[in-house]
Amino acid sequence: MSALGSAIRRPEAAAVISLIGIIAFYAIFGGVDLGKLFGAASWVNFAANLGIVAIPVGLLMISGQLDISIGAMIPAGSMTVAILSGYYELPIVVGMLGALGLGVLVGLVNGILTVRTTVPSLIITLGTLVAMQGVVLAGAKLLTGAASVPLAAPEWAKFLFGRLIGNSHQVAIVWWLLFAAVLGFVVHRTKYGNWLFAMGGDRESARNAGIPVDRMTIGLFVLSATSAAFVGMCGAILFNSAQVSGGMNYIFNSVVCVVVGGVLLTGGYGSVIGIFIGTLTFAIVNQGIYFTDIDRNWANLIIGVTLLIAVAMNGTFREFALSLGPRKIKKGGQANV
Amino acid sequence: MSDKTPVLEMRSVDKSFGPIDVLHEISLRVHPGEVLCLLGDNGAGKSTLIKTLSGVHKPTRGEILMDGEPVVFESPRDAQGRGIATVHQFGGTYPLMSIGRNFFVGAEPTKGWGPFKVFDRKTANETAVKAVREFGITRIEDGDRLVGGLSGGERQSLAIARAVHFGARVLILDEPTAALGVKQAAHVLRIVNEAKKRGLAVIFITHQVMHAMTVGDHFAVLIRGAVAADFRKGEKTREEITDLMAGGETMADLEAQIEGYMETHEGHVPQAN
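Residue numbers (this note's numbering), protein chains in the order written: chain A, -11 to 325; chain B, 32 to 304.
Honestly, the hints are just simulated from the structure, not real lab data. Ideal Cβ positions, reconstructed from N, Cα and C, are used throughout, including at glycine. Treat the hints with caution; some may be incorrect.
[Stated by the list, open to error] Not everything, but these chain A residues come out facing chain B in the computed CB check (under 8 Å): (1) T178; (2) K179; (3) F185; (4) A186; (5) D190; (6) S193; (7) N196; (8) A197; (9) V201; (10) L310.
[Claimed, not checked] From the structure, some residues in chain A lie toward chain B, with a derived Cβ separation under 8 Å: (11) G89; (12) A135; (13) R177; (14) G198; (15) T304; (16) F305; (17) A309.
Assemble the whole structure, with the sequences as input and the hints as a guide.
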């Protein structure tokens, strides 16, 4: 098969074209100085924080589930570390473990409810999203009497989770790259990836083939809620404070990244590299617009159009991948089956 | 053949869900290298029977024997482990996964060590393509192709080849030809024959009498959860079987009215009850 054929058959094909398209669009119509854009930190920081959440959200979507509770888990993670280690002055490790532990807990609730009931995970995580917003707000008021809590993290914690590299790039970028590399390996090189795609493709058949579908589902929910708590935690350590609000934008933003990245909304198809590129594309549209002559207010229109074009391309490429079936018909042999 | 021990046998199996009896006194046996056709209209209890044989349900009464020994299937996985493979219409194949990956779902070949054990794509693709080609699907050459690009018949064949590769001794085919065109159905029937030649016991569930008669050695007609007739090849005509499936009502009058329909009929005869 030709190299072009193989490339176009990959789930991330449309994401790559979207990324190139959007950079070209900004360069041609927005007068962007590409050197300046690529040297800038704003969109990379934005992409890193969003990307850490988008990858597990995307994997859940591949498995056939949705998790929107991440919107509440980001402030929940930052408030937990700030309340424990800032307000109560416990060691930072306790605060961090508390934040991540809360992520594990909410992920378990999401996962177990999803496998035990017939309620769609969108509704379950909508429930935990709203519930966690209540917990965070009421808990913060009850414990600290404020909606914003300061936190002074020690040097080593700042170095690992809340540092600006070269005074501009958040250390979260490193975590994002690491996270993408590890999950990319697991999903595309190990048997667990095969299980993931099989679950999303046909849950019942996957179960019959001996795949621990329920455990995998719960694990993925734990991963997404914990990743969101991690992003919140890093934010609190970086900015020396935490707020009860924020995080809601991550819900739609991460879904856009994932879908632009070539993941099929109904599951069974997608790639980590696609989600990664989808996140880059989204971040450049969203933050790169400041480097153009285009009014900032148009950004959402561009995001919407990009999403629609990317989804249309995804559909076309997927059809193309499917139709690239064996066509060689041997003379005298069996023609068609 | 009847002097050999059947590979799978049901003895007076009943299955009820609460107060509702779905299967009564089912006794069936299938030998290696034999095709048992299970015929029945919708709602006759075919699905429950398959699920009981493949480990989804446990019999309420009666027993299941493999090679003459009583067995209890704890789960579908357990039944599979004992060599009972169930292939549903499109079940077991994932359209957006490659042929190689499909073939090895749940039993992935790996290479490397420890946390770096990676899926061995080359071995998977080669094995899958070879296994499918041995079943006469010579159109498949590239294990990286997505299964969704194959025809329905090819997907069935892939699922059957997969079951045989993983050591199935009893192949339960649940309506394998129901959604297929004439040509593709013929192909699946050829594959059933191939499996039979390899010494597998095949339980072929269908309501298409023609398909059953093409490959079957032994037939059982299921009506309202009971075996209404049990006969061997050549003992009954197509009309008699169709008649039986409809619950004994004579079809002759109806047939006269809908002759044209019968040519293309999918076995959808009027409900017996």
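Comparing the hints with the structure gives:
1. At a threshold of 8 Å, the smallest CB-CB gap from T178 of chain A to chain B is about 6 Å, leaving the interface hint in force.
2. Satisfaction of the interface hint for K179 of chain A is found here, the shortest Cβ-Cβ separation to chain B being roughly 4 Å, below the 8 Å cut-off.
3. For F185 of chain A, the suggested interface contact is upheld, since its CB lies about 5 Å from the closest CB of chain B, less than 8 Å.
4. Taking 8 Å as the C-beta cut-off, the interface hint given for A186 of chain A holds, the closest approach to chain B being about 5 Å.
5. Checking D190 of chain A against chain B by beta carbon gives a least distance of about 6 Å; that is within 8 Å, so the hint holds.
6. Using the Cβ-Cβ criterion of 8 Å, the hint placing S193 of chain A at the interface with chain B is satisfied: the shortest such distance is roughly 5 Å.
7. The restraint placing N196 of chain A at the interface with chain B holds, with a minimum CB-CB distance near 5 Å, inside the 8 Å limit.
8. Given the 8 Å rule on beta carbons, the hint for A197 of chain A holds: about 3 Å separates it from the nearest Cβ of chain B.
9. For V201 of chain A, the interface hint is violated, the least distance from its beta-carbon to any beta-carbon of chain B being 10 Å, above 8 Å.
10. Here the hint on L310 of chain A is kept, as its CB sits about 4 Å from the closest CB of chain B, short of 8 Å.
11. Violation of the interface hint for G89 of chain A is found here, the shortest Cβ-Cβ separation to chain B being roughly 24 Å, above the 8 Å cut-off.
12. For A135 of chain A, the suggested interface contact is broken, since its CB lies about 43 Å from the closest CB of chain B, more than 8 Å.
13. Satisfaction of the interface hint for R177 of chain A is found here, the shortest Cβ-Cβ separation to chain B being roughly 4 Å, below the 8 Å cut-off.
14. The beta carbon of G198 of chain A is positioned within 8 Å of a beta carbon in chain B (closest approach about 4 Å), and the interface hint is therefore held.
15. Annotation: interface hint on T304 of chain A violated; nearest CB of chain B at approximately 15 Å, more than 8 Å.
16. Residue-level restraint check for F305 of chain A is violated (minimum Cβ-Cβ distance to chain B is 12 Å; threshold 8 Å).
17. With a cut of 8 Å, the hint placing A309 of chain A at the interface with chain B holds, because the nearest CB-to-CB distance is about 6 Å.
Taken one by one, the earlier hints fail for this structure at numbers 9, 11, 12, 15 and 16, listed in ascending order.
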